[in-house]
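Sequence lines, in order, name chains F and V.
The numbering used here numbers the first residue of the first sequence as 1 and each following residue consecutively.
The numbering used here numbers the first residue of the second sequence as 1 and each following residue consecutively.
Everything labelled a hint here was simulated from the structure, so no lab data went into it.
Here the structure is a predicted model, which means the values were calculated and not measured.
The C-beta atom is built at its ideal place from N, Cα and C for all residues, glycine as well.
You can trust all of the hints, since none of them are fake.
If you want the footprint, here are the derived chain F segments under chain V, 3+ residues with CB under 8 angstroms:
#1 70-78
#2 118-128
#3 157-170
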Amino acid sequence: MVAQFIPVGNPDLVKHTGFILAEDEALKQYLSGMAVPTRPGETALTDVGVWFRYPESERTMKFPFITIDLLDVSPAFDLRTSDYLQDSVDLYMPSESPVIPSPDPGMGLTIRNYIPFRLTYQVSVHCRSSLHDRYLMSKFMTDVFPPRPLWLGVDADNTWRRTELTNMAQSDITETTESGNKRIFRKVYTISMQAEIPQDVITQSWQVLRAYVNLYDRETLDTFFQPELPTADFDHADPPLAYAAAQAANASITSS
Amino acid sequence: MAEGFRIDASWLDAIERYVTGLQQDVMDAADAAVDVFRDELVDYAKSKPNWVNLSDSIQTWAEDGRMVVGLQGDDYVSQAEYLEFGDLHNPPDSLFRTAQHVTMLAQERLVSELASRRPIRIPGMA
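Same shape as in the complex, but just chain F (with noise of 0.2 angstroms):
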């Protein structure tokens, strides 16, 4: 039973990590601190930055980097589930969140089912030369998006994401710049990345305190389930003739 409903509170504007913010720092703090070397063979290093979409015109274009793309945001209506209500117990926010008040004496909390939707991102890495694009080919193919199920841990709220590479494409292309054709190396990769959407309306319900369950003697169990036979007084007749008499009223019945 429904007792009240107990609002979490309003959502934070400002301090807001959730939903899509969330994912979007994570992948990004996944992506960052790589390096490769400057050049075949030289132990120097050059950092490789991570970008959401590409960097400013005013800003230096430093080569290598990674952009990232959120290219859709769709519901994983094969991840749903039924929107009934379940026991708080199970699910991980109530143990994890600080706010969550508890029940009162004799009472429960419920919480809806997370709604899961997938993100699709495109992580796009460019190179001006072809050590720095196989090179991290290399790595991203093996290391970054590896062919097996990905978690990529979320800091907002200390949980993870199933993240999957779906496609990996090459897309070289040519720069035009004031000093001329620039050849890009440009490998995209497309991830899709599991997310929810909580539900922050805990209801308060009251817990079980009753219940009820038939109970049959097995020997009266067929007789329970026994179709009901014509109302009539057979009480004082012989049970065959009873039987058949019940059989030729409901053949009566059918029949008309």
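Assemble the complex: chain F is given as a structure, and chain V must be docked to it using the hints.
Only chain V this time, still in chain F's reference frame:
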């Protein structure tokens, strides 16, 4: 010498007809699913302003036994690639990689087509 067990020839004929029919059913269902996939993808492309001009050029064809969906013609392919992956100045406006709902619709059509096909009937068997 033990007597071998015999199978009525009509049973084998019936099974052969059934398997041949199944093969045809699968091909028909696949064709229907491909049609749904293409139609829905074209509709999806028409809903994206950057893809409207290319939408009627989207085609499906078979290549080495596999279904391929895309655009044919160098101009179309070049334009579609820039839209799909973006470039230095334009962000990607992906069509093919965000068409998951189209895939699901085609899959549903395939499953429903196959589920409504022939039950097996062999002479002499219930």
